[in-house]
Amino acid sequence: MIDATHRTAWLNWLSTEKRYGDNTLDAYRRDLDDFSAYASTVPTASAMIDRQLFRGWLASMAARQLARTTIARRVASLRSFFRFCGRRQLLDVPDLSWLRAPQPARSVPKSLSADDARSLLEAIFERRGADWVKQRDFAVLMLLYGAGLRISEALALRRADAPLGDWLSVFGKGGKTREVPVLRAAAEAVDDYLAVCPFDAGTAGPLFVSSRGAALGPRAVQRLVEDLRASLDLPAHVTPHALRHAFATHLLGNGGDLRAIQELLGHASLSTTQRYTEVDEGHLIRLHRDTHPRARR
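If you're matching positions, the sequence shown starts at -10 in this note's numbering and goes up one per residue.
These are calculated hints, taken from the structure and not from any lab test.
Don't take every hint at face value.
[Stated by the list, open to error] Derived lysine-lysine pairs resembling DSSO-like cross-links, with alpha carbons at most 27 Å apart:
1) 165 with 99
2) 7 with 162
3) 165 with 7
4) 99 with 162
5) 123 with 99
[To be verified] Derived CB-CB ranges, DEER-like:
6) 209 with 87: 41 to 51 Å
7) 166 with 40: 36 to 46 Å
8) 11 with 193: 14 to 24 Å
9) 209 with 1: 24 to 34 Å
Glycine included, C-beta positions come from ideal geometry on N, C-alpha and C.
Let the hints inform the model, and build the full structure from the sequences given.
Structure follows, in structure tokens:
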């Protein structure tokens, strides 16, 4: 059903033209593999996807209790693949406008309180290990919480990016670059880390390095937060990405403008940023009470 040559061409296009990262490409590759595996079990499957085969695949994923968001992404991957093949005339692709997944339930970002964020950062210095590693870990988490960076964006920074100024140019999802303001505390955290880091990777090297001098990987940061979370008895949703959520939620709670927060986070759609309004309903109630003319007394 899925020609390996066509799949490779599509993945190369996603990588070079759409600038998708390795993790996203791996997910899309698995999406096509899942469809191919299901199609291979259907003796009557034709060379081109049809409604009956598609519905069977949807039912198969539902029976395996896959998350609705996962199902939606897999369908989007399949639709993107066939559209690519049609536009490149690799396949004779009919109208596939019906190729859509059930609308997934909109998830609400899980954040953490300002006090918990502060405790998480302070707990780094209570851990065992080299002082420079503690300074590094603190600097990384400060960029997630203080600048709203994704973990991949923070770890993609180069030595040439330091010392950090008032603004930082971030290369984000989809190959888009955005400018984010840098808290003085975050810039100082990076300076303190570099002052004690025993490795010099050169200006083109990674800003954050492992204990062996190689680029620090995302799993190391995830393990760090897992350990801190356990030591502080924080809920399971406290992850590195939750610090980015906290950045947005706390800005909104202190009167931040939703469109400005959209720019800071690098969201392509305002609807993505609007999910944070469901997290901080108290702010919206106060805003309505304090600004609506009929609410004033």
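Now for the hints, and whether the structure bears them out:
{"no.": "1", "hint": "165 with 99", "result": "holds, 25 Å"}
{"no.": "2", "hint": "7 with 162", "result": "holds, 9 Å"}
{"no.": "3", "hint": "165 with 7", "result": "holds, 10 Å"}
{"no.": "4", "hint": "99 with 162", "result": "holds, 20 Å"}
{"no.": "5", "hint": "123 with 99", "result": "holds, 26 Å"}
{"no.": "6", "hint": "209 with 87: 41 to 51 Å", "result": "holds, 44 Å"}
{"no.": "7", "hint": "166 with 40: 36 to 46 Å", "result": "holds, 41 Å"}
{"no.": "8", "hint": "11 with 193: 14 to 24 Å", "result": "holds, 20 Å"}
{"no.": "9", "hint": "209 with 1: 24 to 34 Å", "result": "holds, 30 Å"}
Consistency with the previously given hints is maintained throughout, with no hint failing.
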